[in-house]
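Chain A is fixed; fit chain B onto it per the hints.
Number of protein chains: 2
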Amino acid sequence: MTKPLGEFGRISRFFKPLAAGFPGARGLRDDAAVFGVPEGRELVVTTDAMVAGVHFFPDDAPADIAAKLMRSNLSDLAAMGAEPLAYTLVTALPRGLDESWLEGFAAGLGEDQRRFGIALAGGDSVSTTGPVTLSVTAFGLVPAGRALPRWGGRPGDRVFVTGSIGDAALGLEIAYGRLDVPDEETSAHLLRRLRRPDPRTTIGPRLIGLAGGAMDVSDGLVADLGHLCGESGCAALLRAEAVPLSDAARGAIDGDPVRLALAITGGDDYELLFTAPAAARDDLAALSADCGVAITEIGELHPGTPGEVSVLDAATTPLPLTRRGWDHF
Amino acid sequence: MTKPLGEFGRISRFFKPLAAGFPGARGLRDDAAVFGVPEGRELVVTTDAMVAGVHFFPDDAPADIAAKLMRSNLSDLAAMGAEPLAYTLVTALPRGLDESWLEGFAAGLGEDQRRFGIALAGGDSVSTTGPVTLSVTAFGLVPAGRALPRWGGRPGDRVFVTGSIGDAALGLEIAYGRLDVPDEETSAHLLRRLRRPDPRTTIGPRLIGLAGGAMDVSDGLVADLGHLCGESGCAALLRAEAVPLSDAARGAIDGDPVRLALAITGGDDYELLFTAPAAARDDLAALSADCGVAITEIGELHPGTPGEVSVLDAATTPLPLTRRGWDHF
Numbered sequence: 001m002t003k004p005l006g007e008f009g010r011i012s013r014f015f016k017p018l019a020a021g022f023p024g025a026r027g028l029r030d031d032a033a034v035f036g037v038p039e040g041r042e043l044v045v046t047t048d049a050m051v052a053g054v055h056f057f058p059d060d061a062p063a064d065i066a067a068k069l070m071r072s073n074l075s076d077l078a079a080m081g082a083e084p085l086a087y088t089l090v091t092a093l094p095r096g097l098d099e100s101w102l103e104g105f106a107a108g109l110g111e112d113q114r115r116f117g118i119a120l121a122g123g124d125s126v127s128t129t130g131p132v133t134l135s136v137t138a139f140g141l142v143p144a145g146r147a148l149p150r151w152g153g154r155p156g157d158r159v160f161v162t163g164s165i166g167d168a169a170l171g172l173e174i175a176y177g178r179l180d181v182p183d184e185e186t187s188a189h190l191l192r193r194l195r196r197p198d199p200r201t202t203i204g205p206r207l208i209g210l211a212g213g214a215m216d217v218s219d220g221l222v223a224d225l226g227h228l229c230g231e232s233g234c235a236a237l238l239r240a241e242a243v244p245l246s247d248a249a250r251g252a253i254d255g256d257p258v259r260l261a262l263a264i265t266g267g268d269d270y271e272l273l274f275t276a277p278a279a280a281r282d283d284l285a286a287l288s289a290d291c292g293v294a295i296t297e298i299g300e301l302h303p304g305t306p307g308e309v310s311v312l313d314a315a316t317t318p319l320p321l322t323r324r325g326w327d328h329f
Numbered sequence: 001m002t003k004p005l006g007e008f009g010r011i012s013r014f015f016k017p018l019a020a021g022f023p024g025a026r027g028l029r030d031d032a033a034v035f036g037v038p039e040g041r042e043l044v045v046t047t048d049a050m051v052a053g054v055h056f057f058p059d060d061a062p063a064d065i066a067a068k069l070m071r072s073n074l075s076d077l078a079a080m081g082a083e084p085l086a087y088t089l090v091t092a093l094p095r096g097l098d099e100s101w102l103e104g105f106a107a108g109l110g111e112d113q114r115r116f117g118i119a120l121a122g123g124d125s126v127s128t129t130g131p132v133t134l135s136v137t138a139f140g141l142v143p144a145g146r147a148l149p150r151w152g153g154r155p156g157d158r159v160f161v162t163g164s165i166g167d168a169a170l171g172l173e174i175a176y177g178r179l180d181v182p183d184e185e186t187s188a189h190l191l192r193r194l195r196r197p198d199p200r201t202t203i204g205p206r207l208i209g210l211a212g213g214a215m216d217v218s219d220g221l222v223a224d225l226g227h228l229c230g231e232s233g234c235a236a237l238l239r240a241e242a243v244p245l246s247d248a249a250r251g252a253i254d255g256d257p258v259r260l261a262l263a264i265t266g267g268d269d270y271e272l273l274f275t276a277p278a279a280a281r282d283d284l285a286a287l288s289a290d291c292g293v294a295i296t297e298i299g300e301l302h303p304g305t306p307g308e309v310s311v312l313d314a315a316t317t318p319l320p321l322t323r324r325g326w327d328h329f
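Protein sequences, first through last, are from chains A and B. Using the UniProt record's numbering, read the first sequence as starting at 1 and increasing by one per residue. Using the UniProt record's numbering, read the second sequence as starting at 1 and increasing by one per residue.
A couple of the hints might just be wrong.
Stated by the list, open to error - Computed far set for chain A versus chain B, every beta-carbon distance over 12 Å:
#, residue
1, 13
2, 37
3, 48
4, 116
5, 183
6, 287
7, 290
Stated by the list, open to error - Facing chain A, a subset of chain B residues (Cβ under 7 Å, in silico):
#, residue
8, 128
9, 230
10, 231
Said to hold, decoys possible - Beta-carbon label-pair distances, calculated as ranges:
#, chain 1, residue 1, chain 2, residue 2, range
11, B, 202, A, 304, 51 to 57 Å
12, A, 21, B, 208, 25 to 31 Å
13, B, 156, A, 6, 16 to 22 Å
These aren't lab readings, by the way, just hints derived from the structure by calculation. C-beta atoms are modelled at their ideal positions from N, C-alpha and C, and glycine is treated no differently.
Bound conformation, chain A alone (with noise of 0.2 Å):
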């Protein structure tokens, strides 16, 4: 058996390597990260933390737990209209953590900083008698005064999603060994959906001037829709329906309303959830098209109880849910 590394050993080994492509790191050699932010731009900044048993499967791979971790923030910046640049990350790992757990983790972690255009650029390694314990701040650009609010949706705005909704939420099924699913292509899709989620970090900041309000789609999308709209002071109609299912997703649904309705109140969708005017609808096909991401039409906004959502089933009539999202806290 080798000697532990330590903390400064570890750094040296795991983490300066990924900080190489960012001068703003220091080279992890100093107090802080030091860097500036081009004139007519604005910083954004976003913080997810997860933890081992509550966010992700002990067990689960730790390059796929890099992934995650890196894409959940990845995907607020999306939301946001902002191009990734840097961030920092701290970790609480117990002592007797094996180091080929820190080796893949951080194997993951470079992995999509190359895939996504993202650097580390500092951050803290702590030990802990609980659970493996992460978080990222992760640091994005956005041209000055135009960064996407939540806010920012208006009474007969659309309501229009990214990618498809359903997925992680059907593969967290499969992983508790709760759902059957007709074959191993439909599994694997939905677990790889769950693990390693799409932040649409190429189409988030061509919604800039498109979008009205927006943000990410993390508590399951009913929630996230409930979210918006009352911050932009009205209600919604969603087209259960309308909602983008993968075909894996639809494979997993198979008509089942119970598990249609998992889909879209269950977290972990990581698409963009945003409004713009039905005339901005040739530019948004436009858009997905030049990236290759389907962008779909679910709802609408209306006058009525900030954040009431009402669901419509394919008879346009009331779907009755249990809940509207899933609380990760």
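Relative to chain A, chain B alone:
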């Protein structure tokens, strides 16, 4: 018993008021914070995490825990020469934690926000099955290109330190019941310095143009001087006799060389350690008088093995130390 507030209730009650003074927080209503950096300035970003039972006692007063968390981060900003701007907060709290804990914690944050001119910009709140785990990412501003680096020391530079050294290490011994001190006043001072360090936020920015290399003392004076001179590519000589001690620390040490060694190797001082040419002495004396905080010359840098620190006692014979510092990790 009242119903627990849940994540949104807690944010609304405890955290939104802390973000009220910082427009970039967007009232904690959005996915992220958004703020600009003035032209000619750079952003300084630092992160410090703390875990109950590792970095503080689980039954410490929550306002003290808040103060220590905030001040350890402010100390890092000061060490870079940066003025405080804002911070984000991540809390991972056990589900059963009493809401009065959070109330005390938020009150402590609020008090330090007013004292140090900083405000909450955002964050995340999650639950954990482990101990209370907290982290702050602090943001400060510094004139572009002028942040104080650790590696700015040169052979011949004198070494200076602010305030007094060893209070927190001696306070920790008292907290553990391992050290008897002559009177209650001594004990109170050392414990206060352990729990509520004094980040040198006023002096830090004014060291720009005076100091060469700078960092804050958190791992122990000898260890941190080793880091500073190691990054500066030279060795250091430290005169133990010259290290500034509070009256309380002097009383607790009471001539015992083991306790003196503890004072200069123990952690959590949160003083500034920096180098400057001898010619800067007058300017530093004026700065010290102006800020009402001691600045004391304690040694010098010289060519030699990078990172090697020789500690001399009053008779200028080497003082043997069993350790250089404290590993928070």
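Evaluated hints:
no. : hint                         : verdict
1   : 13                           : holds, 14 Å
2   : 37                           : violated, 4 Å
3   : 48                           : violated, 6 Å
4   : 116                          : holds, 16 Å
5   : 183                          : holds, 35 Å
6   : 287                          : holds, 20 Å
7   : 290                          : holds, 24 Å
8   : 128                          : holds, 5 Å
9   : 230                          : violated, 10 Å
10  : 231                          : holds, 6 Å
11  : 202/B with 304/A: 51 to 57 Å : holds, 53 Å
12  : 21/A with 208/B: 25 to 31 Å  : holds, 27 Å
13  : 156/B with 6/A: 16 to 22 Å   : violated, 32 Å
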